[in-house]
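Visitor: In case you want the letters, here they are:
Protein chains: 2
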Amino acid sequence: MTQKYVYFFGEGDTSDKKLLGGKGANLGSMTKIGLPVPPGFTITAKVCIEVNRTKKWPDGLLKQIEENVKRLEKKMNKHFGDNENPLLVSVRSGAAVSMPGMMDTVLNLGLNDEAVEGLAKQSGDDRFAWDSYRRFIQMFGDVVMGIEHARFEHELERVKNGRQDTDLDVSDLRKVVDAYKVLVRKEAGKLFPQDPMEQLKMSVDAVFNSWDNKRAITYRRLNGIPDDLGTAVNVQAMVFGNLGWDSGTGVGFTRNPATGENVLYGEYLMNAQGEDVVAGIRTPKHFEDMKKEMPESYKQLQKIRETLERNYKDMQDFEFTIENGKLYMLQTRDGKRTAAAAVKIAVDMVKEKLLTEDEAIMKMKPEQLDQLLHKQIDPESKKGTPIAKGLPASPGAAVGKAVFTAEEAAAIKEKNPKEKLVLVRTETSPEDIEGMNAAEGILTARGGMTSHAAVVARGMGKCCVAGCDGINVDEKAGRFRAGDTVIKAGDVISLDGSTGEVYKGALNLVEPGIGGDFAVLMKWVDKRKRLSVKTNADTPHDAQVAKDFGAEGIGLCRTEHMFFKPERIMAVREMILSETLDERKKALDKIRPMQKEDFKGLFKVMDGMPIIIRLLDPPLHEFLPHEEKETKEVADEMGISPQKIKNTIKALHEFNPMLGFRGCRLGVKYPEINEMQARAIFEAALESKKDGHKPIPYIEVPLVGNVKEFLLIRDIIEKVADELGVKGRIKYKIGTMIEVPRAAMTADEIAKEADFMSFGTNDLTQMGCGFSRDDAGKFLNIYVDKGIYERDPFQSIDQSGVGRLMEYCIEHARKVKPDIEIGICGEHGGEAESVKFCHRIGLNDVSCSPYRVPIARLAAAQAAIEEKR
Amino acid sequence: MTQKYVYFFGEGDTSDKKLLGGKGANLGSMTKIGLPVPPGFTITAKVCIEVNRTKKWPDGLLKQIEENVKRLEKKMNKHFGDNENPLLVSVRSGAAVSMPGMMDTVLNLGLNDEAVEGLAKQSGDDRFAWDSYRRFIQMFGDVVMGIEHARFEHELERVKNGRQDTDLDVSDLRKVVDAYKVLVRKEAGKLFPQDPMEQLKMSVDAVFNSWDNKRAITYRRLNGIPDDLGTAVNVQAMVFGNLGWDSGTGVGFTRNPATGENVLYGEYLMNAQGEDVVAGIRTPKHFEDMKKEMPESYKQLQKIRETLERNYKDMQDFEFTIENGKLYMLQTRDGKRTAAAAVKIAVDMVKEKLLTEDEAIMKMKPEQLDQLLHKQIDPESKKGTPIAKGLPASPGAAVGKAVFTAEEAAAIKEKNPKEKLVLVRTETSPEDIEGMNAAEGILTARGGMTSHAAVVARGMGKCCVAGCDGINVDEKAGRFRAGDTVIKAGDVISLDGSTGEVYKGALNLVEPGIGGDFAVLMKWVDKRKRLSVKTNADTPHDAQVAKDFGAEGIGLCRTEHMFFKPERIMAVREMILSETLDERKKALDKIRPMQKEDFKGLFKVMDGMPIIIRLLDPPLHEFLPHEEKETKEVADEMGISPQKIKNTIKALHEFNPMLGFRGCRLGVKYPEINEMQARAIFEAALESKKDGHKPIPYIEVPLVGNVKEFLLIRDIIEKVADELGVKGRIKYKIGTMIEVPRAAMTADEIAKEADFMSFGTNDLTQMGCGFSRDDAGKFLNIYVDKGIYERDPFQSIDQSGVGRLMEYCIEHARKVKPDIEIGICGEHGGEAESVKFCHRIGLNDVSCSPYRVPIARLAAAQAAIEEKR
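Just so you know, the protein sequences line up as chains A and B, in that order.
So the first sequence is numbered by our numbering: it starts at 1 and just counts up by one.
So the second sequence is numbered by our numbering: it starts at 1 and just counts up by one.
Simulated from the structure, these hints should not be mistaken for lab results.
Just so you know, these numbers come straight off a predicted model, no measurement behind them.
Hints may be right or wrong, so weigh each one.
Since the list gives no way to pick out one identical chain from another, each pair is judged satisfied if it fits inside one copy or across any two copies.
Said to hold, decoys possible - The calculated lysine to any residue pairs, modelled on SDA-like cross-linking and capped at a C-alpha distance of 25 Å, are: (1) K669 / I217; (2) K669 / R53; (3) K644 / D195; (4) K585 / R568; (5) K778 / P619; (6) K299 / L652; (7) K650 / P619; (8) K669 / Q795; (9) K708 / Y808; (10) K719 / R53; (11) K75 / H621.
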């Protein structure tokens, strides 16, 4: 039996998104649950992959398509190419994972010189028929035949001759169609296809091809979507929102995607096709207006909203068209939402008994919380008036230099990753993805809350002000005008994504507060998670921020950050430039009281919580001046010759500093450094205790590769502890980083001696994979492009490689010390997939930067729920 | 019950060298088998470790020593400090492993103001007694009390006042004794101890301390002896070789240690103590003379020789003393020997049925074979006459710049490791160890075949000419005179260690031939070994040398070495500087025919044996010029601007090149490079086959960390193979290096796809331990000193760390492909301990440089025998 390549809507397992794609599955399931969906069929995603690989259609595919077309003709009682009652269809892509605006779509397929007459008869509207025909040729020519959109616009402008679209009559539109046909023959070297089946075959191929276009690949890479999913193709009977003023089209959400409020939310345009809404070319009306304009349709939408949420158990993003007063559902999918909305919706749905707490937690995207935790514009700094105001399309705030093309934004960011940019466009399109990614925020002159810019920005967690009518953007000249104000490329502006305000200059940003629904959700989260979530912090301020975000201790306090403070860097340099042990000790004695105060500050904030303090780690040359001028200044201040500093730098030079003289190797050679640090920690702890706090220092030895290194350093620390009489008074532990592969491989030996272990997965990845993070840029992109690594292993733990080292380490450490605490403190500790992996392999805790603590908590809870299932 | 700390000779298990030390065990066992050994007792090595740790004597030790002294007094019928019949003893160190000249010794202990009178009566020789007393004070003052040797010499010279030692009469010697006592009080701040028990206690402590002196530590480090063995102390009744002309002392070998000839071999001095022979101060007579001078003793020695070899089943190095015609054995141990002697002795002893073949193989020290494989002086180049001739003390040859102090030799070598040096000394002493290690060869003016220089040089496998009377060395001025010739520091000389000849200037060196006994031994070896031993070779010449040494294929052919040849480096540079694929391909097309010829050459030599050819590995910048002048030349020749070359170098610059853009990463980015190499290999193989050879190329992908990298490169190679129709005609394999920890950890995935694997343990050590080989010098010495690593992990595989990665890899690779061939091709492949480890973990083959092939074969056989036991 031939394989089943094509499914009529409602056929088969309509939950199989991998096969039918998200859109196809939903059209099928909407059909099943009785929603008014125009009939159609889905060609599976499996076919896409096969065709893209073999470059030909599998046997039987064409036949199955033809059969389904027949079924569709029968159901609609319309026929392809018929000059009385023609069947018109849309052809849309639909992958398993939503990729908004990424894939190409063809509408009105089936129109030809005959069918246009049929459509005219059918609709009783010649002008509509010929306008549809010219739109179809334009879209088909662009998307399927690859002729530049602008070429068609040019022909259209010629006929319009300065008039509006709506001023064109039927004879004008016939002229446009003729001109388009000539254009197609000239540009594509062949005639515009008149056979609807031929049109369909070509369109299906175009959708298949679009899976591998650059935009789609970029989107997949940015969103971690695998390349081998493929896209399904949905062929659906057309319904028309542009049949007159009792027709229209709209896009809605079952709840407010910006705030999460439980109300029907959306926009529509009368007498328009769907693309007009999404593309943001005309600014649509809000549903509020529909209540008055089309009360029946509005009531119907309210009912559909409930049906959808009951069925899909999530907030839905849907498209609909009203054809001569009759409403059709064209699409539904889980709606993108701001983090704030996601939180509110999750909590509300539990209250509404639509979801269990577990389900609500699982609906959350951990990475998205980042938005909630991002800075907002300080209300105090809003003294002037905004230069413009648009729609509050994606919350948060952005301050940056205006930039007017996506390419430029991407280029500037690549050159200087620290540059803050705001992308300003009349409207955005899928080609702009990389530029949007490079910007802090996006400002558009046209388009609504569901325009491309708004949807994508929300997905990215970036601030966006859309549909800002008051501005006039000249991309070519690189400037925009807002009233009397002109902002040129490079001028700094500020956006408030929550109010839609645009300001000239840089406003202050403030920390976000978290509470309300978020607090409720996080309470559920904390009930479920097993991992303890700590933070990486070196200052009382950061520690406090993290604690407010729910951190349960400090997982990594980097002592060297304290070394860089201006008032102590001199003493550090003296230490490095010392030629004798005595000189070195004298310099260290200057540093110790300062370090002690640092630790006291941390003990105070983290009262009763463990603080993992890592001993000095970086190579010493990092503390020395490297510029000629600075070298001279330092030499003068220290009363030595600049040559001496240069000599020391030369002596410290290494070919591969990553694998060089750093970490515990410093302490093995210069035990007095670690001795000073141990003394500062213990003295701080004793004094803190006297002040009524409960300090819990965990002293961590970095870059251990061999248990004997650890023993040497532990001895130094224990000797200080004995000397200061710490035992019995302070609860301390001495443990080690696991960042050298050899340490992971000899974890049994190390675990015998160490009280705790903490993975430094940055270095473990560097050494485990043999990549230098500073250099890997030269080839790592190619590696991700070619699929050698699915994701950048420095962003998300390489679970199948570095992860194995971790598993080996844990297994062997626990064999000799079953209750040894093992954590992770690299940057991976705040990345959701990595956190889940850490849960699965049985770590005790993860540590991450303060702002990522809630993300880690949520991911930890999701991992625990996944495990339970 | 108190522990037993002291064993009278013959008591206990006399094979327990760990407890009794080598010397103590042998004195005990010699006593047991009835050889004439002066009685005595041994304080165990365990005590040494305990005392050095606790800094005090354990309870009961003193009592046991006192009891054994009593027993000794009874046995000898002599008494400590007796003025009639005093007991005198020697106190000597003796560790489990022989450390010649490393440890301090005290002779004539027991002499004091009373006992000297007793000794005079006993020996009937006042002069002898007082000379012994003054020698004892001198030795005790130096070794036990730490007073400089030269201070005593100075006092002696004062009394001698220009006369010879032998001119001193009793009253002179009494004056010397008095002067010595004054010196001791002044220098040590206390009186010279008169109580023999006090003398003994102090001497025992001195021996214990000597375990941790710098010389001993250095020797242990150089010889890989663990620090926690400790040394036993042997206290033995003195016998005197300096009692007159019917007394004497000597050192012998049961066979010739230089050639292995089965004859009694040794030297002696009449009327002398043992130290006079070993120190090389007087040039001793050969045993041949003893036949005439003391025929009885000679006969006795012949018998002892047989007894010793029958008992110890090895060639022995023994010391003896003749006291008034009666012969005493003072020591025996396995004798150091040249590699040639070792081979002959092993083979002979099998013939003599003293050893089995297995035992003979186990007696060999693999590293020592290096000597046999070293170059010799080309007889053709010996046209002039030698400037001097000494004893052929250690075979081989050396050409290098004369250097006159050990410190200087070590310093020069450290600055420039490639510098070749010959150390020239009047005589050497244990302090010179590091300098001897730094030199290619050693030339001494004094001392015999058993002098310090000779013994140590043989142990090190270095060429040595000793006792070269014809030269006059002035270390201070840095020159020596040989007849009319003056050689100054820095002048080049050549030594022939097999003839004892010294030449001015540099003679040519030739490759050694191997055959005879060596061939017999290696036949036994090959019957036993399981590992296949291959070689690292890039040229037909090296391949031929290795094949002659028994290589069974090439385990690593580095293609990049071929890239550096002058006639092709230009094309390589063109390739690197290419901006387009076409340019790059054009440059590669120039390289391909040259590479093909290289491979054809190798296929011819290695007819029918596998050749593992590694694809391009190093970072590209290595091929570009780095000096200003060279850059300009290259730019001119290529017709481009020097700036372009500089820009490319800048673009290729990396912070950690070790972890950078190299290995298969080059091929992932530039597939055309590997495509060219595959083509060159297959074309060469096809042409070789046409020429009647049997080429077996194994193509190896370097620096794989992820199976997907391997798949990409394998596809490139397979495509070329298909294109050239290689399949079915050439037996080829495609495999991978395992040098990235991630590759070891994902060996199951890689083994599914790869035909073979080869460990690159250099890089695996770098990444596994997190050491950059170029930089580790900054701390690795300290690491070895502190015992963090017992040996430099770049010299001998870090079995407990990197070794675990290897074991994990093998286990997981074999799980999915049980018969996958796995080898090693790093420099460890020729180091005996590493080879044995490779055997134990189940590798199929090892590969090493041509000259180390026999070492690897021997080590492989020993590993197989050890496994069988």
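Visitor: Any hints this thing doesn't respect? Which numbers, in order?
Guide: Checked against the structure, the hints that fail are numbers 3, 6, 11, while the rest are satisfied.
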